[in-house]
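Enquirer: Read in order, the letters of the sequence shown correspond to residues 40 to 214 in this note's numbering.
Bear in mind the hints are in silico, worked out from the structure with no lab data behind them. Each hint can be trusted.
So the derived label-pair ranges between C-beta atoms look like this:
#, residue 1, residue 2, range
1, P135, P48, 33 to 41 Å
2, P51, P90, 36 to 44 Å
3, H175, Q117, 18 to 26 Å
4, R154, D126, 25 to 33 Å
5, A148, E192, 17 to 25 Å
6, S182, P128, 19 to 27 Å
7, A58, D126, 37 to 45 Å
8, E155, S91, 29 to 37 Å
9, F131, R57, 29 to 37 Å
10, V211, E155, 29 to 37 Å
Every residue, glycine too, gets a C-beta built ideally from N, C-alpha and C.
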Amino acid sequence: MTTTPDGRPIPPAHADERAMLETWLDFHRATLALKCSGLGDDQARTASAAPSSMTLLGLVQHMAEIERNWFRRVFAGQDVPPVFGEDNPDGFALDPDRGLDGATAAWRAEVARSRELVADAPLDDSGRLSEQEAGHLGTPTVSLRWILVHMIEEYARHNGHADLIRERIDGVAGA
40 MTTTPDGRPI PPAHADERAM LETWLDFHRA TLALKCSGLG DDQARTASAA
90 PSSMTLLGLV QHMAEIERNW FRRVFAGQDV PPVFGEDNPD GFALDPDRGL
140 DGATAAWRAE VARSRELVAD APLDDSGRLS EQEAGHLGTP TVSLRWILVH
190 MIEEYARHNG HADLIRERID GVAGA
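Sequences and hints are given; from them, build the entire structure.
Expert: Structure below.
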């Protein structure tokens with residue numbers, strides 16, 4: 040596989056569905072890591088623009104929670120607590136004792152676990168949604184295919200936020 044000049048894996052132009060979904064998800068994961076690279080903790084805590092309090096540190100924590108929710112809770116049916124505590128279920132709240140390195144390590148661990156859980160699973164395998172999620176979607180289950188597409192969308196949306204936040208911090212912009 041080839042990479043972009045900044046080292047992110049380029050998804051193949053022609054591949055089967057599984058490879059296409061997994062490589063696009065990996066591309067977006069690598070994009071989030073790139074947006075946070077080279078920053079200190081104070082910079083990672085810089086909010087985007089008032090009234091938003093969104094930060095790169097909060098986005099990394101949030102994506103760790105999103106990985107855990109969709110792959111561990113929904114797909115694998117595991118009963119696991121939030122990564123960053125019951126009082127921070129979406130991951131956006133910042134803890135003064137947790138820096139970017141710690142949050143990134145937790146996020147990378149969730150990504151690794153996500154990959155393990157789906158490695159041999161068919162795209163048509165289903166996971167069970169929480170009652171709240173099922174109410175929003177109108178169905179109690181979703182396929183792994185749906186989860187992968189949703190994760191690509193989730194990362195793509197938040198990478199747009201990350202791009203704007205990073206540009207505010209130090210002027211670095213772009214994909």
